[in-house]
Amino acid sequence: MKNYTTLADIHDLDGLIGEARSLKSKNTASNTGKGKTLGMLFFNPSLRTRLSTEKAAKLLGMEVMVMNADKDGWALEFEDGAIMNSDKAEHIKEAAAVLSQYCDIIAVRAFPGLKDKEKDESEYVLNSFKKYASVPVVNLESATGHPLQALTDAMTIQEFNKAEKAKVVLSWAPHPKALPQSVANSFTEMMQRLDVDFVITNPEGYDLDPDIRKDVKVEHDQEKAFKDADFVYVKNWSSYENYGQILDIKENWTVNQAKLKNTNNAKVMHCLPVRRNVVIADNVLDSENSIVIQQANNRTYAAQAVLKRILECRKE
Amino acid sequence: MKNYTTLADIHDLDGLIGEARSLKSKNTASNTGKGKTLGMLFFNPSLRTRLSTEKAAKLLGMEVMVMNADKDGWALEFEDGAIMNSDKAEHIKEAAAVLSQYCDIIAVRAFPGLKDKEKDESEYVLNSFKKYASVPVVNLESATGHPLQALTDAMTIQEFNKAEKAKVVLSWAPHPKALPQSVANSFTEMMQRLDVDFVITNPEGYDLDPDIRKDVKVEHDQEKAFKDADFVYVKNWSSYENYGQILDIKENWTVNQAKLKNTNNAKVMHCLPVRRNVVIADNVLDSENSIVIQQANNRTYAAQAVLKRILECRKE
Amino acid sequence: MKNYTTLADIHDLDGLIGEARSLKSKNTASNTGKGKTLGMLFFNPSLRTRLSTEKAAKLLGMEVMVMNADKDGWALEFEDGAIMNSDKAEHIKEAAAVLSQYCDIIAVRAFPGLKDKEKDESEYVLNSFKKYASVPVVNLESATGHPLQALTDAMTIQEFNKAEKAKVVLSWAPHPKALPQSVANSFTEMMQRLDVDFVITNPEGYDLDPDIRKDVKVEHDQEKAFKDADFVYVKNWSSYENYGQILDIKENWTVNQAKLKNTNNAKVMHCLPVRRNVVIADNVLDSENSIVIQQANNRTYAAQAVLKRILECRKE
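As given, the protein sequences belong to chains A, B and C, one line each in that order. Numbered by numbering that gives the first Met the number 0, the letters in the first sequence go through residues 0 to 315 in order. Numbered by numbering that gives the first Met the number 0, the letters in the second sequence go through residues 0 to 315 in order. Numbered by numbering that gives the first Met the number 0, the letters in the third sequence go through residues 0 to 315 in order.
Errors might be hidden in some of the hints.
Same chains, same names: a pair is fine if it fits in one copy or spans any two.
As the list claims (entries may be wrong) - Straight line, CA to CA, 25 Å or less: simulated DSS-like cross-link-like pairs of lysine-lysine:
no. : residue 1 : residue 2
1   : Lys-35    : Lys-23
2   : Lys-176   : Lys-87
3   : Lys-23    : Lys-258
4   : Lys-33    : Lys-166
5   : Lys-260   : Lys-129
6   : Lys-23    : Lys-213
Hints listed in this document are in silico derivations from the structure and should not be mistaken for laboratory results.
For reference, chain A alone in the conformation it holds in the complex:
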């Protein structure tokens, strides 16, 4: 694996999930990454992603250097030919080239602005690092995707699945803030690669990007969608059609026990952090249906598998 910026970077999905599960069952430190440095660059805050990826890297024997680009006010210029006489102190050309010399892998988190769809979809931050860095680049959640989360999700579904062909439902949920579509996008792409029966349910106006959804069924009636589900993945996202907007929704989309009644005793997933009694009710999160904690634990091993593949690829 050369980079891990989108799910398209995974060629052998079964092998990669197997690697993650095998690393989890061993749970021991190795020397694969000894003498190598992971640089993690955050344009947005992070705790879960930072900790799990840092832990993954250290389990591989790597050194980790964390850079908070957001806090240190290290404003980067991404435009080619810019006359930098304002607030941007460094161009991505230099930043990526220099970091490539201090780090063996660069991991970047850069959320969308949710104002300008075209700009967000260009993934200019992540793709500029990919263009100008001379070392592999890992996506720690970008404007339109979160592939480390999606790998974790696939691994978790495989672990918990008892059905021959599981029914997996991605359900939109309410949230007071406008959130990216990244997690939902990557989950949708991932489900299309697994042998599952996948349905998305969301209010009208919240349909995800058709280029990502492709022929996945979108059911605007949450109750219908949940019928016989083995897994319900709950997540809020802001509108794609009315880009970045929060729309006025009349029905209650919060996932609670009553709504799970017609599922196949579904396991409930969420990438966390989750707002209790807004996104998912206490009576679900505190029940055996919830596997959100186990899911979060898998973040470490998904990241470890990805870093391991990248390190091995560099050695060849």
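With chain A held as given, fit chains B and C onto it using these hints.
For chains B and C alone, coordinates are given in the frame of chain A:
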């Protein structure tokens, strides 16, 4: 040792102090914590506590991950049943459970608000971590106590004591800001467990919580209290009676050489940082009476002893 | 080497550059610093210096603890005898003494205020650490100098030089913000110690401190200065004469390809971050003339050589 959140977690005090002093005399790295991770979560800033605890963990071979909850704006919800549609993004139930999977020990710093005595005394931050974490929890200074500091203090008194039964005085001192009672509380509890003659001196209105003081003598005349003292521990705290208030004090409570005249050439202690010429005068801090630097050094070994005991307990 | 705060701390310059180049060619981890801790204290933000120095320390097997004094609001008092009843919570006397117990080497970054020349030139932050710390102190860029950068620069010139006696030009360049003279000062001092033909070119009003320039030629005509240059080091600094000011300059001092025409196909250097098309034009930075990326890479090995020398000195 299962957790280290209050002094009640120490069952064999002599043994623990002995361990800390032995680790100090050896001052070598070990592998006790190899492959284990200490997560340090700060709801308030810290430098001394962070550095000494980080160093202690690394001397034991542990990995350390630092999370600044205060700066990353990772607002946690602590109330059961809350409808999280406002500024709190994650509930302590998830936060503690997830961190327990990335870390083998969780250390937490959470100061009191000093507005609501009952809320502060509930120690809701620390105790919620203890309730919902599945790994040991260490107190890096909480609303009402600072047990790592108290262990350091006991160790330091033992090192420097030449008397058969030392007279130890805890003296209130002035400060421009309203400070927690945490350090004074834990020091008071610790002195009650040592074979010392312990007196607290503070202005009227500054008496500590009677449940912590118990039958410790409080002498409102600083001069009388200092008579024949072997150790003077200087520290400011805000009023407990007029909770969190700074009261108007007429006399000068700053500790200076003149005040040490009638002591038994007392050693002067302070947990640092200390405001010179407000809390303690230059002529004391720059004299041989001051052992504040040696005391700060012992923070590392007190933390190392605690972490070692916790790691050993986990192995059994 | 006991400390590394100014270039005067280098007694054997050839040996030190040789060490840095040898460490670069080996590029392997060693155990020289095993069990030792580098404390890096930042009063100003840093990414390049932090990452390269952190990497250097880890290549030597050291532990690294980073303290952001600027962000944690750890306001230090530097004045002797101060009555600390205002915003400063800790005196440098305690801070330096305590850090000396947690760290084996203390590295400090403290920029000038650029308001009060005398105060900046006293280097009170760096020198107070040197005075009160009991362990070696390293300068990560101070009010008037940046010796780690200057060592990097000397090493880079040696690597790329093909001339018998290279002509090196330090050229002032425009910048929207008032910057310190530190990098230019240390570069000027360093060039006086190398066997090169050294010229400084800057607009009138921008002459560097005469005590640092000594008899180095200052040529106010950039075009004349560039004639036959082998190396052009570009850097902005604020006025020394009109201390800390940005003066009104009519000519265009941005370095571009047209200006390199009469050089000896000069290599162009800059300490980074560089503002494209303000300090240096795209057509230089994107050409083979630019060695700014290779120069940044050498930061790691210059820091590694310095830390290694200090560690070896401590062992003797």
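Legend entry - Structure-inconsistent hints, enumerated in ascending order: 3, 4, 5 and 6
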